[in-house]
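Q: Could you build the full structure based on these sequences and the hints that come with them?
Protein chains: 2
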Amino acid sequence: MDDSAPRARGSMFAWLVGASQALGLASVVLTGVWMGHYRGGFAWDGSTLEFNVHPLCMVLGLVFLQGDAILVYRVFRNEAKRNVKLLHGIIHLLALIASIVGIVAVFDNHNVSNTPHMYSLHSWCGMATLVLFCIQWVMGLLFFLFPVASSRIRALYLPVHVFCGLALLIMSIGVSLLGITEKLLFSIASTYSKFDPEGVLANILGILLVCFGVLLGYLITKEEYRRPPNPEEESLSVHFKTLTEGRSPTTP
Amino acid sequence: MDDSAPRARGSMFAWLVGASQALGLASVVLTGVWMGHYRGGFAWDGSTLEFNVHPLCMVLGLVFLQGDAILVYRVFRNEAKRNVKLLHGIIHLLALIASIVGIVAVFDNHNVSNTPHMYSLHSWCGMATLVLFCIQWVMGLLFFLFPVASSRIRALYLPVHVFCGLALLIMSIGVSLLGITEKLLFSIASTYSKFDPEGVLANILGILLVCFGVLLGYLITKEEYRRPPNPEEESLSVHFKTLTEGRSPTTP
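In order, the protein sequences belong to chains R and G. 1 is the number of the first residue of the first sequence in this note's numbering; add one for each residue after it. 1 is the number of the first residue of the second sequence in this note's numbering; add one for each residue after it.
Check the hints yourself; a few may be wrong.
[As the list claims (entries may be wrong)] Mimicking DSSO-like on lysine-lysine, the simulated pairs with C-alpha atoms at most 30 Å apart in a straight line are:
no.: 1; chain 1: G; residue 1: LYS81; chain 2: G; residue 2: LYS222
no.: 2; chain 1: R; residue 1: LYS81; chain 2: R; residue 2: LYS222
no.: 3; chain 1: R; residue 1: LYS194; chain 2: G; residue 2: LYS183
no.: 4; chain 1: R; residue 1: LYS183; chain 2: G; residue 2: LYS194
no.: 5; chain 1: G; residue 1: LYS85; chain 2: R; residue 2: LYS222
no.: 6; chain 1: G; residue 1: LYS194; chain 2: G; residue 2: LYS183
no.: 7; chain 1: R; residue 1: LYS194; chain 2: R; residue 2: LYS183
no.: 8; chain 1: G; residue 1: LYS183; chain 2: R; residue 2: LYS183
no.: 9; chain 1: R; residue 1: LYS85; chain 2: G; residue 2: LYS81
no.: 10; chain 1: R; residue 1: LYS194; chain 2: R; residue 2: LYS85
no.: 11; chain 1: R; residue 1: LYS81; chain 2: G; residue 2: LYS222
[Claimed, not checked] Okay, the calculated beta carbon distance ranges per label pair:
no.: 12; chain 1: R; residue 1: GLY46; chain 2: G; residue 2: TRP44; range: 57 to 63 Å
no.: 13; chain 1: G; residue 1: VAL162; chain 2: R; residue 2: GLY18; range: 21 to 27 Å
no.: 14; chain 1: G; residue 1: LEU142; chain 2: R; residue 2: ARG77; range: 19 to 25 Å
Simulated from the structure, these hints should not be mistaken for lab results. The structure presented is a predicted model; accordingly, all values stated were derived computationally and were not measured. Glycine is no exception: its CB is placed at the ideal position from the N, C-alpha and C atoms.
A: Structure representation (structure tokens):
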């Protein structure tokens, strides 16, 4: 009977991770259905069909992939830290690529249709999120994958990196909700209040994104799902750093 | 020199709390200026002037007051827990009252102007946030101010209450941003893209709300700003509970 509590906790964790993946995938699929079925599909010709690439890439990159990149630290909390770091960096790189494609799509479309850039709250918050996301990715690369800073500085930066990562995920979800509202009021302003199926579908997409964010926030911040400290790994990490510092030209 | 680090940390904490209050107050004032100056002011007659009460009450109640109600646990972390709990509950009550006035204002206005209710993503997310906020307030009252549950159940519920509190604050900020976007696209759709001063002011309000949320999130989650554990207080709390249980009709 003694080991039933950890097993129940493990089972709950698996269910919650499964639910988060279902919510994340459903959000991506629903964005695809919205743009594909209700907004005419996708193209890369500057038209509104190119615009349609934007929501799909942003939900895929800045929400689903960014969320999963953070989640790997909880799902693989008993695997070697180096491998998990690498996976975290790679998924973030995919998120970055998807986001850049998404942002190019909307700028292309605005250029062709002579729509002004960067006037809305969605664009201000979205651009801030993307720029901060890029800075966060480069900082993570420099500090943790190819560590150029001392162990002390890395230890000081780690909680800031963790906090900013979660803040950026939340901001991405908030920006997506703003994008949904903007798109609906630009496209179906006259029928939105009549519970037009497109409006209801987009609202449901918004609710799914909120649920994805809340569930990921819970999984990421819950103490017992954190990576257990591994003194051996820590000492190896410091040793590796000492070796790196030994090669540094600034070291006497 | 030994005590300079805690002093520097204390000073940084004070600056961050000050900045959060400046951001929160600026958000409330900017909402007032937006509705007062650009949207014609306030009234309680079902007109759009009554609608204008809605954003002001929601930013004041669900964002500023809700944020500060959480922050009291960090600002007064060395005061008696019972007093801080009471202050937390009272500020939340004020937040609840402001939110109810705000929600009545928008329903009144929709009724008079024959605008359908509850069709937009803003309304869906906003209503979910308000209902959950009410539940959270009642649960907090029952579990912590007039504890009806056992110490064990309260200890289990505490991290859930803390997580839900922060999630609700973030949701409130997200819903406010949706409200800003909706209001701008309903009111100044044709001039918003021309950087109309009203649009720029409302965008700045959105950015201030995001900064308030990020700063509060940092202050609330940072380990060193947490309330230090006080074994004496804990034992008193348990003792108080035992006394309460002694009076309970279910106790033999």
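Q: Now look at each hint and say whether the structure bears it out.
A: Status of each hint after checking the structure:
no.	hint	result
1	LYS81(G) / LYS222(G)	holds, 19 Å
2	LYS81(R) / LYS222(R)	holds, 19 Å
3	LYS194(R) / LYS183(G)	holds, 18 Å
4	LYS183(R) / LYS194(G)	holds, 18 Å
5	LYS85(G) / LYS222(R)	holds, 23 Å
6	LYS194(G) / LYS183(G)	holds, 16 Å
7	LYS194(R) / LYS183(R)	holds, 16 Å
8	LYS183(G) / LYS183(R)	holds, 14 Å
9	LYS85(R) / LYS81(G)	violated, 40 Å
10	LYS194(R) / LYS85(R)	violated, 48 Å
11	LYS81(R) / LYS222(G)	holds, 24 Å
12	GLY46(R) / TRP44(G): 57 to 63 Å	violated, 49 Å
13	VAL162(G) / GLY18(R): 21 to 27 Å	holds, 25 Å
14	LEU142(G) / ARG77(R): 19 to 25 Å	violated, 35 Å
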